[in-house]
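Chain A is already provided as a structure; the job is to place chain B on it using the hints.
2 protein chains.
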Amino acid sequence: MRYVGFVLVLLTNCVSALWPIPRSIQTSSTALKLSSTFEIHFNIPNPPSDLSAAISRTRSRLHTDTFERLVVGRSETDTNTIQHAPELQSLLVSLTNDSVKSIAEEATLPIDSRSESYQLSIPASSIQRATLSANSTLGLLRGLTTFEQLWFNHNITGGNTKYMLNSPVQIVDSPAFPYRGFSLDTARNFYSVDDILRTVDAMSWVKMSILYWHVADSQSFPLDVPGFPELATQGAYSTSEIYSQSDVKKIVQFANERGIDVVMELDSPGHTTAIGFAHPEHIACPAKSPWQTYANEPPAGQLRIASPDTLNFSKVLFQSVAQMLPGTMMSSGGDEVNLPCWEDDEETQADLTKRNITIADALNQFIVEIQGVLANAKKMPFIKSDMILTHNVPIHNNTVAVVWQSSADAASMAARNVKFIHQPSDYFYLDCGAGEWVGNDVLGNSWCDPFKTWQRAYSFDPFANLTESQHSLVLGGQMPLWSEQSSSENLDSIVWPRLAVGAEIFWTGSTLPDGTPRINPNATSGTNALARLNELRYRLVDRGVKAIALQPKWCVLRPGLCDLDS
Amino acid sequence: MRYVGFVLVLLTNCVSALWPIPRSIQTSSTALKLSSTFEIHFNIPNPPSDLSAAISRTRSRLHTDTFERLVVGRSETDTNTIQHAPELQSLLVSLTNDSVKSIAEEATLPIDSRSESYQLSIPASSIQRATLSANSTLGLLRGLTTFEQLWFNHNITGGNTKYMLNSPVQIVDSPAFPYRGFSLDTARNFYSVDDILRTVDAMSWVKMSILYWHVADSQSFPLDVPGFPELATQGAYSTSEIYSQSDVKKIVQFANERGIDVVMELDSPGHTTAIGFAHPEHIACPAKSPWQTYANEPPAGQLRIASPDTLNFSKVLFQSVAQMLPGTMMSSGGDEVNLPCWEDDEETQADLTKRNITIADALNQFIVEIQGVLANAKKMPFIKSDMILTHNVPIHNNTVAVVWQSSADAASMAARNVKFIHQPSDYFYLDCGAGEWVGNDVLGNSWCDPFKTWQRAYSFDPFANLTESQHSLVLGGQMPLWSEQSSSENLDSIVWPRLAVGAEIFWTGSTLPDGTPRINPNATSGTNALARLNELRYRLVDRGVKAIALQPKWCVLRPGLCDLDS
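For the record, the sequence lines run as chains A and B. Using this note's numbering, you'd call the opening residue of the first sequence number 159 and step up by one each time. Using this note's numbering, you'd call the opening residue of the second sequence number 159 and step up by one each time.
Here chain A stands alone, though its shape is the one from the complex (with noise of 0.2 Å):
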């Protein structure tokens, strides 16, 4: 039967399902299993109570993962293969520093001065024991979910075994870029601690560093502040969608002990619009008809930037919200704002007259005395790219800009030896592709159309039109989920598998290790990552995650064989 052949394809064809690739790794072929009594061994005196959860959480998935090597046959396959096969029976787990420091206090260090490199070895024999070191507990973690990703179940032999194909292994690896993030917009439809939690957890089985939690906008305010419980109780969408002061902690703690720090977004001086519920004073235009003359979406609504008053209440209301996190990086947003608003707002263009300033002076003022709220309070303020590229405003020496418009600002934005993140709408916006959310726009589509597929976000080049001295100045990167048709219902299938996409590029960085591009048109690179992004994905599913399928399974199992001339 013809058939056969593709099987025996198959086995002289074992991808590793490795998620994002390290950047330097040595594996052979042979097969080991994990010992039934094997153990994880970490000889840290005193360790921090969030690297022994890590190692427990390690210890636990190997138990509980199911996931099965994606061949025909599955795990049967390699029944015969691994029954002799010499068994693991420890990962001695090791720091080679003697500060230790939690995950938490590691993951929310100076974007630029964390540790984030491990080195993982794993023998081919029962005698060896494997070994994990790295400089910081943060390291170690990262090497943990390095440590998870290369077994497969094998379900036939009577209880779950857990092997892999590919021993000796020898991993050395660290980040490209110490910033891969997530950005979830939390306002225009609400998600749920649960929600957030899940996405964390799943961020960090992948590496991921930040959660860039666009947490309010100007449909909805759903976070309570301390000082200002009225923006959430008036702007939320219900009292059963505000994040309160004890969830944002519990969210913090739980993406820090996973090596995620939280990035707090309060977009302003636009985007501000349900401030308004609570305080109309300081809302200039808003819901003013018709919307598209006062915002790029409804509501229109911006704060009173000319206002003394208005200023002042946003420098106490993000100082207040910047102590709610204890991580070096905030931002403040500066997408979209809208002059007409504010040309046709009275009370604007009367404390304008009667400061003798423009609009221009008063939008400088607030970026200024923002920025320096946030520099105030320790974290390094960040702004979107419009801000600077498109009203020029005056930034602080340490700003990080969130570049978004288009990958094309990228190189514009390093002309002006700015620090910044990439976060293009061109290639990175998971929520693209739907079409439009207007009311009447019967047959239109959203400006971001079409679909960001997994294979155009993949072939984005983090260097790309820069030279090689500007490469210091790229941060990382984001993917962003903005919420206008996203919800609860469709969280996980909208983000994932796409969102490691982004994990993989800031991790092992403009090309694969070896050199060559990440996709190639000609080439077997896009099959590469397809056949392991197929293999996150099953992962991800068996943990309770419910990522969309890229392939039917028959192309899932027999990786090439659905390409383009195969």
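FYI, nobody ran anything at the bench for these hints, they're computed from the structure. Treat the hints with care, since some could be wrong.
As the list makes no split between identical chains, a pair holds if one copy fits it or if it spans any two.
Only pairs whose alpha carbons sit at most 20 Å apart, straight line, appear in this in silico EDC-like list of lysine to aspartate or glutamate [as the list claims (entries may be wrong)]:
#1 K407 - E245
#2 K536 - D467
#3 K408 - D544
#4 K577 - D619
#5 K512 - D270
#6 K577 - D270
#7 K446 - D721
#8 K408 - D352
#9 K446 - E388
#10 K536 - E306
#11 K446 - D723
#12 K536 - D352
Just chain B now, kept in the frame of chain A:
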């Protein structure tokens, strides 16, 4: 505060939450509550158990639904309005026909002889009772789903109260088309029985009448066919990805009792590679390389239609599958047959030579014989439109075409005087827009990109380009989900609420009940549909179906305010 203005606008804009919109409805503006002792009575001697069960489900939902009216303030907004509202004591359900069949029997009658009409009358007083009458149990079921949609939950006044704001209500309703379907591909990726039951249940809430089950394809054969167990044991993705005969019975009974007939499609002679796992002797060009030469998607493989053995095998197989289902329709597929597959198949060429016939002769014979098997099994044969429009095969008197390649093909089919259903890829394909899934077409789009938005689907006119005398050829239509990039993980979110668009088009007809176009780019009819579709979406979520958000909740709670120019 300026936001107050929105609330005032909305109190006067009370949108009825009916989907699909009844073909004749009169409402007024009296608030009405369900009495705490509200009861549904029916004086039908020996009621069929599925009617009793349907009434029980309605009773239950009137207690368990927690969906609140979509206005700012939600149900609290209506607290005063309903405080002294009259209380409806009962609904009387009655049949106007002495011959009582079960819903399941009615739902599996020949498609053109079903009775789904009903009349529903809701008074505006505590004294009169509501009445629902129909001359079939199936009509009563349709009326019950309408009744359920009339009520909103009020959760403030201690316990839940159901109310409406539009009484009295008079509805006289019947479908414009009997065939209102959803086609699900369970071959490219598998869906659990629970996935299918959940989907069927939701389909019944919007009065859909057909589950068109594309059960097998080239990638897998997940159906346990009586007499052919090897097809599934060798052709399914795994032993846990098989629909057993009892699974099929369960699904069919569940669907039939909810007014939904199951039409199984066993695609042939193309899209059959998976039959070759068990029967390689019947498959030409199995997974032959390069697949693009031999099939529209990998893997290649078609039935050896020139082989008498294969024809006989196919006839017995179709006969067996036909006997699995009680309905009067079945499809033998017929899309995308590929001539080079047979031209390059030695066995097929030998058979053609031996029999001194052409491949076209063999195809004609195959189609005629298979349609004959279906007709003998009392199944109206369904066939894909390209088999008629491209291959000009002879068809049975009673054959129904599934017009799929383009909406423009409907007129061509009507010109041949063939009955058909609409399944236009350019309007109705739920899976489009996710980009390419072929392995190394790294930046490619799928053939049916872009995403078919709900607005696009809703703009479809079933009578476009048809003469009035051709209207009776249109049995209805269906939206399909092809599963190359879908699976259990995103089933709800890719299907809902868009599938409801098809439900309304084919229930309510080619225009709105008042004769105006369903979507008019210069009018507000699109907006009205959006408000109702938002209500349906929130009701689906309330009942556990993970339908996607169509708008930010800010817009949902303020119908019209996110329209262009508003």
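Consistency of the hints with the structure:
| no. | hint | verdict |
| --- | --- | --- |
| 1 | K407 - E245 | neither (42 Å within a copy, 47 Å between copies) |
| 2 | K536 - D467 | neither (24 Å within a copy, 80 Å between copies) |
| 3 | K408 - D544 | neither (33 Å within a copy, 57 Å between copies) |
| 4 | K577 - D619 | within (17 Å within a copy, 53 Å between copies) |
| 5 | K512 - D270 | neither (44 Å within a copy, 77 Å between copies) |
| 6 | K577 - D270 | within (11 Å within a copy, 68 Å between copies) |
| 7 | K446 - D721 | between (52 Å within a copy, 13 Å between copies) |
| 8 | K408 - D352 | within (10 Å within a copy, 34 Å between copies) |
| 9 | K446 - E388 | neither (22 Å within a copy, 67 Å between copies) |
| 10 | K536 - E306 | neither (36 Å within a copy, 56 Å between copies) |
| 11 | K446 - D723 | between (56 Å within a copy, 11 Å between copies) |
| 12 | K536 - D352 | neither (29 Å within a copy, 52 Å between copies) |
Checked against the numbered hints above, the structure breaks hints 1, 2, 3, 5, 9, 10, 12 and satisfies the rest.
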